[in-house]
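Trainee: What follows is the residue order along each chain.
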Amino acid sequence: MTLADFLRDRLRLTGTHLGCEHGVCGACTVLLDGEAVRSCLIFAVQAAGHQVRTVEGLAKGGEPSPLQRAFLKHRALQCGFCTPGFLTTAQALLDRGLPLDRANLPELLAGNICRCTGYQPIVEAILEVASTR
Amino acid sequence: MKAAPFAYHRPRSLAEALDLMAEHGEEGKALAGGQSLVPLMVLRLAQPAVLVDLADVPELQHRDGTRIGAMVTNAALERDGSGLPPVVAAALPHIGHFQIRNRGTIGGSLAHLDPAAEWPALALLLEARLTLRSRDRSERTLGAEEFMLGPLTTALAADELLTAVTFPEWPSGGRWGFAEVARRPGDFALAGAACTVVGGRRRVVVFATGALPQRVEDPSEIEATGDLHAPAAYRAAVATRLVERVLIQAGEQP
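Protein chains in written order, with the working numbering: chain A, 1 to 133; chain B, 1 to 254.
Please note that a few of the clues may not be correct.
[Claimed, not checked] What follows is a set of in silico ranges between Cβ atoms, one per label pair, in the way DEER data are often shown:
| no. | chain 1 | residue 1 | chain 2 | residue 2 | range |
| --- | --- | --- | --- | --- | --- |
| 1 | A | G15 | B | L43 | 23 to 29 Å |
| 2 | A | R53 | B | A89 | 28 to 34 Å |
| 3 | B | G251 | A | P66 | 43 to 49 Å |
| 4 | A | S131 | B | P151 | 45 to 51 Å |
| 5 | A | P66 | B | R183 | 28 to 34 Å |
[What the hints assert, rightly or not] The following residues of chain A were derived to be distant from chain B, with all beta-carbon distances above 12 Å:
| no. | residue |
| --- | --- |
| 6 | G49 |
| 7 | A59 |
| 8 | K60 |
| 9 | S65 |
| 10 | H74 |
| 11 | R75 |
| 12 | E124 |
Since the hints were made in silico from the structure, they are not lab data. Even for Gly, the Cβ is constructed at its ideal location relative to N, Cα and C.
Here chain A stands alone, though its shape is the one from the complex (with noise of 0.2 Å):
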């Protein structure tokens, strides 16, 4: 069983989401251990001894996180299938403390895939967290 799987079927936490099931549309993306990595692309049993860190432990105390907020302020989202992983995905990313701009963003969000073509709004929210670190 995928760590995708287990995360869905076992724990209920359903925010973590499948799509390709195959390690191209990065929608199941998760953190372990503070890393994004695709979770259709993990066995469970490989994530034992690991911090897991899905889309429901970005908020924090039922309060949306700066990314999620920024996400709902620029409508970084339509039909909201890829939005877990962009949100997993951009947090790893905010998380490494490494310059993002407008040249490298749109290269490191290539493993992510959004069919509503909504990447411009996602590039400004998660540009926009950045520059308030």
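With chain A's structure known, arrange chain B on it following the hints.
Mentor: Just chain B now, with coordinates in the frame of chain A:
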């Protein structure tokens, strides 16, 4: 899209891992970062009965200069590529998306041996030496050409593990080039090329064009095959241009 049932072991030492590989033989399969094997398993193209997860084998996690333990991740090498040939650093960002590089390992990529992958091409280009260990036979070290038998097919016996990859010291004054074309950054290459120029000796490799990475003296030798991603003629044409591009990067007259 669900893997067939399998037994799972996570050995704590190389000796224990080699025991498990010897015990399970053809039924067993080593699991490195899983970024190639897990997709094959969920698509049921691979159905190993036993997985031997190498994540906690300390002997495979180390890098000692140009000798890289099989379980060192692409992300770790991207963070610290010091002492490695610069063409490796140039190729690393092309190995999947960064989320894939966080898990994917050098040894896993070579043992999987996808013809479109970067590590097999780098191993061939740089004349890397691959160390293979098993419980019952002596350690052996193979060159990339001896190791790579065909697409997804290596010289690894069922009870053997690839434990380390050793690159030659990169000489000062060495020149190099690397280029590939993919639909998205991080996707599998549709064609790629890399070269080194050391002491006036030029070495060129193309990859993602055919069954295996191919060393060529001249682009006319490229043996391209087609699939649903790209026809053979396209791959050959793109690879030909990429060879020119990497030679120019290396300061050569293509």
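Trainee: Sort out which numbered hints this structure fails and list those numbers smallest first.
Mentor: 6
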